[in-house]
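Asks: Take a look at the letters that make up each chain.
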Amino acid sequence: MSFLSVRDVVTAYGKIEALRGVSLEVAEGAITCLLGPNGAGKTTLMLTLAGILRPRRGSIRFAGEDIAGRAPHAIVARGVALVPENRLVFPAMTVAENLQAGAYQRRDKNTVARDIERMFARFPRLKERAAQQAGTLSGGEQQMLAVARALMSRPKLLLMDEPSLGLAPLVVEEIFRIVTELHRDGVTIFLVEQNAHMALKVAQHFYLMEQGKVTFSGDPGSLAEDEVIRRAYLGSAKS
Amino acid sequence: MLVDFIQNTLDGLSTGAAYALLALGFTLIFGVLRRANLSFGPAIMFGAYCATWTHVNFGAGLLLLALITVGGAVLAGAYVERLCFAPHRGGSAIAAMVASFALWMQFEEFATLVLPRHLYAFPMLHEGDPIALGPFTLRADALVMLGAALAACALVWGTLYRTRFGLAVRALIEQPAAAALAGINVPWVFARVFALASALGGVAGYLVIATHGQITPMLGMWATMKGLLAMMLGGLGSLPGAVLGGLALGFIEAHSQWYLGPQMRDLIAYLLLFVLLAARVPWMTTRSAS
Amino acid sequence: MDDYAIGVLTNITLFSFVALSAYLLLIAGEMSFGQQAFFGVGAYAGGILTALYGWPLPLAALAAVALGALAQLLVALPTLRLRGLYFAMATLAAAEMARILFELLHWRRSIDGELAGPDGTQGFRGIRWIFEHGIEPLHYLGIVGVLLALVLALFLMLERSKLGATLRAIGQDPELAAAVGIDVQRVKLGVAAAAGALAALGGVLYAHHNTYVEPRNFDIMLGVHSLAYALIGGLGTALGPLLGVLLDIGVLESTRFFQGYRMIVFGGLVAVVLIYRPRGFLDERTVQWLRQRFT
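Protein chains in written order, with the numbering used here: chain Z, 59 to 297; chain X, 573 to 862; chain W, 0 to 294.
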């Protein structure tokens with residue numbers, strides 16, 4: 059049984075179907091990535107998995123439970139956390155408060171405090187800025203904060219939507235180093251990325267999505283990298 | 573002249589304290605829901621009328637009446653939230669706001685049915701003479717109003733910045749999408765923010781009728797107008813702005829009334845709001861209203 | 000038909016004008032809390048012209064309508080770039096200012112040895128033109144009915160025209176409308192003038208029907224009711240606001256059963272209906288469906 063199993067999910071905005079029957083699986087403990095051109099529906103899928111959007115049809119099963127259409131806070135309670143596109147930190151709150159917010163559902167104050175210390179150890183730059191307002195952080199720092207915030211809920215499955223968006227190459231490398239670290243620590247990761255090159259370097263399995271459907275599934279060696287990159291940016295329709 | 577100015581300022585600040593509470597209530601709801609609740613004043617009036625009814629039929633002490641006012645306002649606020657705002661979350665803002673008008677109509681008619689006379693006496697906080705402080709007179713109940721308003725503000729601040737609930741509220745105000753992703757139960761928080769806002773309004777309403785010693789069915793409209801005005805003056809969506817807006821409104825009204833009379837007092841407040849909106853003063857127009 | 004029924008029907012017709020005025024702004028995407036002010040402008044202007052200066056009603060009505068349009072333009076110009084709640088609050092502020100100005104308005108003239116005219120909060124009595132000219136209540140109902148029918152015909156023509164589509168486009172997505180070349184500002188000003196004219200028309204007719212108006216008639220409750228009528232009746236067609244008025248004044252008023260509970264019932268009805276039909280009974284989808292079934 060797969061850790062996360064998505065079957066024929068359809069999500070629509072009014073009359074427009076953004077997801078037209080998506081099926082995929084995420085294996086436990088692995089890094090799985092989802093590539094595809096802009097507008098393919100990748101973010102819509104992430105938002106559907108996180109419960110922000112309700113699917114019209116289809117099923118989403120996580121660790122044996124049906125989570126399709128559940129409220130976002132219920133999905134977090136079941137161990138799924140999303141690092142959203144554009145990070146969406148709480149700008150007027152301090153870095154520390156952002157982390158507290160991520161741990162909102164946890165009542166064990168002492169362990170939360172220890173987890174915050176561990177986040178600071180893993181992300182030293184955040185520790186330097188612990189009392190600073192999150193809105194004043196750089197893009198890369200905000201991305202790290204968003205990841206740390208999501209980790210505060212101790213998720214079993216971490217969803218990441220375009221973590222490298224708008225970041226300088228050196229920062230992108232750092233982000234992916236953290237992704238690998240998390241993987242080594244046993245966190246299952248499902249990652250949406252535009253940067254196909256970096257994503258393929260870390261993933262065990264990948265999917266290609268175009269126009270609301272999955273068009274390819276395989277491991278990083280199964281398709282020539284330049285073919286993957288071409289399809290990830292341009293789609294497979296002939297120009 | 574200076575004595576008048578200071579006296580008016582003092583009077584204005586104490587009324588402004590009530591306005592600040594009203595504006596704070598409006599702003600909490602707006603900050604979290606991005607919508608204006610036009611039944612805010614009428615819900616307060618509902619609480620005040622429950623208290624008046626109790627007083628008229630059974631007689632009751634100040635504290636009990638205060639509790640009934642606040643309790644009634646919270647109850648009415650929950651009714652409004654369930655019927656007007658919960659169903660339209662993520663939907664039409666206009667439908668939510670018009671629905672809140674519709675309930676306003678209900679509250680107004682209810683008030684006139686329960687207590688048919690236009691004016692009722694209400695026990696005053698302080699029956700005695702004003703305190704003389706040099707050339708100034710301070711009414712004891714105005715001081716109580718100022719004190720209670722300050723205490724309420726401190727309570728709101730403490731809640732927002734020192735409690736888990738407050739963290740959730742701030743998260744919703746700052747970044748609603750991410751708040752849900754952080755595991756915050758958004759509908760639950762909305763309902764409780766409404767309750768907090770209604771309670772603040774109830775306190776403001778009680779203070780006002782207990783210092784004036786009377787209540788009329790105009791209380792609903794009055795509270796809504798003043799709350800909205802103060803909230804907009806201080807900058808829509810800003811909590812410190814709400815308090816400053818309320819105090820500023822009180823200040824402006826007290827002076828306008830002294831020099832120009834009660835009608836000009838209201839006219840000036842509305843004119844100020846209109847001009848500030850038309851000029852699209854940045855502090856007033858930055859928050860998006862969905 | 001007895002006098003009571005004539006009175007109810009006349010009221011339905013008169014309030015339809017101000018409901019249509021709110022409706023017009025709503026489909027162009029703006030929520031106005033202030034149409035009652037222009038209703039008042041029409042009432043006062045028309046009343047002053049006929050009662051104090053002996054103008055004939057048709058002429059006074061024209062002048063009142065023009066003044067109403069002008070007044071709404073005066074409010075619309077500085078607020079053109081405001082949206083949503085900011086615009087609504089600006090209209091509210093303007094309307095309350097108007098109401099206070101009515102309270103301060105003393106325009107007295109000696110007519111036949113007696114002082115007549117608006118007297119601040121005491122109101123404006125003696126707007127008796129229709130009685131002085133022997134127009135029976137039933138005839139007056141006929142007149143206002145015909146005027147409303149004309150207005151409705153204009154609206155129905157508007158719905159089918161390019162201008163109507165433009166209005167709805169602006170209402171749904173002003174940025175998109177501007178991007179396809181629509182001069183949003185100009186259209187909005189036109190809508191404002193039309194809405195002001197409509198409200199003022201209702202106002203002048205109302206004043207002459209009642210023979211007495213006071214500033215309290217033009218408070219926010221009227222504005223709130225107009226919006227509620229437009230929204231519950233439905234934003235899909237000009238018949239929507241009419242339905243809203245009919246529901247409140249017609250059904251609830253004339254069935255004495257609801258005596259004293261009218262606003263409680265109507266208010267509850269509006270809130271509940273909006274949950275299931277956020278754009279009213281006759282919303283765009285329903286109107287389309289009806290059109291398809293019957294054409």
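These aren't lab readings, by the way, just hints derived from the structure by calculation. Quick caveat: nothing in here was measured; it's all calculated off a predicted structure. Beta carbons are placed, not taken as given, at the ideal position from N, Cα and C, and that holds for glycine. Where hints are given, some of them may not hold.
[What the hints assert, rightly or not] Computed, partial: chain Z to chain X, Cβ under 7 Å:
| id | residue |
| --- | --- |
| 1 | Leu111 |
| 2 | Pro130 |
| 3 | His131 |
| 4 | Ala150 |
| 5 | Gly160 |
| 6 | Gln163 |
| 7 | Gly198 |
| 8 | Ser211 |
| 9 | Val272 |
| 10 | Phe274 |
| 11 | Gly276 |
| 12 | Tyr291 |
Asks: Each hint needs a verdict: does it hold in this structure or not?
Replies: Here's how the hints hold up against the structure:
no., hint, result
1, Leu111, "violated, 11 Å"
2, Pro130, "holds, 4 Å"
3, His131, "holds, 4 Å"
4, Ala150, "holds, 6 Å"
5, Gly160, "holds, 5 Å"
6, Gln163, "holds, 4 Å"
7, Gly198, "violated, 18 Å"
8, Ser211, "holds, 6 Å"
9, Val272, "violated, 24 Å"
10, Phe274, "violated, 28 Å"
11, Gly276, "violated, 30 Å"
12, Tyr291, "violated, 27 Å"
Violated hints, listed in ascending order, are 1, 7, 9, 10, 11 and 12; each of the other numbered hints is respected by the structure.
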